[in-house]
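FYI, the numbering for the sequence shown is 1 to 170, going by my numbering.
These are calculated hints, taken from the structure and not from any lab test. The reader is advised that the hints may include incorrect statements.
[What the hints assert, rightly or not] Taking CB as the label site, the calculated pair distances span:
1) THR131 <-> VAL47: 28 to 36 Å
2) SER75 <-> VAL48: 29 to 37 Å
3) GLY94 <-> ARG58: 35 to 43 Å
4) VAL97 <-> ALA46: 37 to 45 Å
[Unchecked claim] Cross-link-like lysine to aspartate or glutamate pairs, in silico, DMTMM-like; alpha carbons within 25 Å at most:
5) LYS85 <-> GLU70
6) LYS87 <-> ASP125
7) LYS87 <-> ASP142
8) LYS85 <-> ASP123
9) LYS85 <-> GLU35
10) LYS85 <-> GLU169
11) LYS71 <-> GLU169
12) LYS85 <-> ASP56
13) LYS71 <-> GLU116
14) LYS87 <-> ASP56
15) LYS71 <-> ASP56
16) LYS85 <-> GLU116
17) LYS87 <-> GLU35
18) LYS87 <-> GLU70
19) LYS71 <-> GLU35
20) LYS87 <-> ASP123
21) LYS87 <-> GLU116
22) LYS71 <-> ASP125
23) LYS87 <-> GLU169
24) LYS85 <-> ASP125
Note that the coordinates shown come from a computational prediction; the quantities given were computed from them, not determined experimentally. From the three backbone atoms N, C-alpha and C, an ideal C-beta is built for every residue, glycine too.
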Amino acid sequence: MKKSIISAALGACGVFAISLSGLTPALASDDRRIEFQGGIGSTPFAVVNAAPGPNDVRGIAPGGRPWVIEKLRASIRADGAISVKGKGLLLAGGNSVGLPALPRQVVATLFCGATEFTSPPADLDANGNFTVRGMLAVALPDPCQTPTLLIRNFSANAAGVWFAAGIPEN
1 MKKSIISAAL
11 GACGVFAISL
21 SGLTPALASD
31 DRRIEFQGGI
41 GSTPFAVVNA
51 APGPNDVRGI
61 APGGRPWVIE
71 KLRASIRADG
81 AISVKGKGLL
91 LAGGNSVGLP
101 ALPRQVVATL
111 FCGATEFTSP
121 PADLDANGNF
131 TVRGMLAVAL
141 PDPCQTPTLL
151 IRNFSANAAG
161 VWFAAGIPEN
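Take the sequences, apply the hints, and build the full model.
Here it is as structure tokens:
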């Protein structure tokens with residue numbers, strides 16, 4: 001008798017779990033992510049049609065000197081939560097070579113096609129390291145067309161030129 005009560009109870013729990021599993025997709029959060037692993041430093045000029053020109057990306061000008069970044073890892077969730085860790089964002093030329101220079105804050109800007117989303121600012125330490133955490137203003141479009149991530153300077157309460165770009169993770 002005791003075994004049949006336990007079996008019946010377990011069977012009922014199984015039916016309940018199966019019926020709840022049908023609701024799970026509606027209850028679960030959207031875990032789509034855009035991720036970047038590695039980074040490329042900016043160079044101020046590119047050769048376009050055999051002539052030097054600014055190395056703009058998505059209409060954003062590069063910093064005035066070459067920049068390098070040792071390490072970059074970024075993850076952006078569909079709800080707009082962003083996490084970026086950068087290491088060694090430093091000038092690669094000029095009298096301040098090997099230093100993070102000024103300003104001492106950066107933001108991460110994600111482009112989905114022509115639409116841009118910018119993170120809250122993060123401090124850049126003396127070694128060029130930074131951690132961005134926060135929320136973008138809105139949830140990302142589905143899908144995010146041609147995602148591009150730029151690390152930009154932040155001064156006077158505005159995002160400026162770009163210093164590094166993320167490499168999309170496949």
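Give me the numbers of the hints this structure contradicts, sorted from smallest to largest.
Violated: hints 3, 4, 7.
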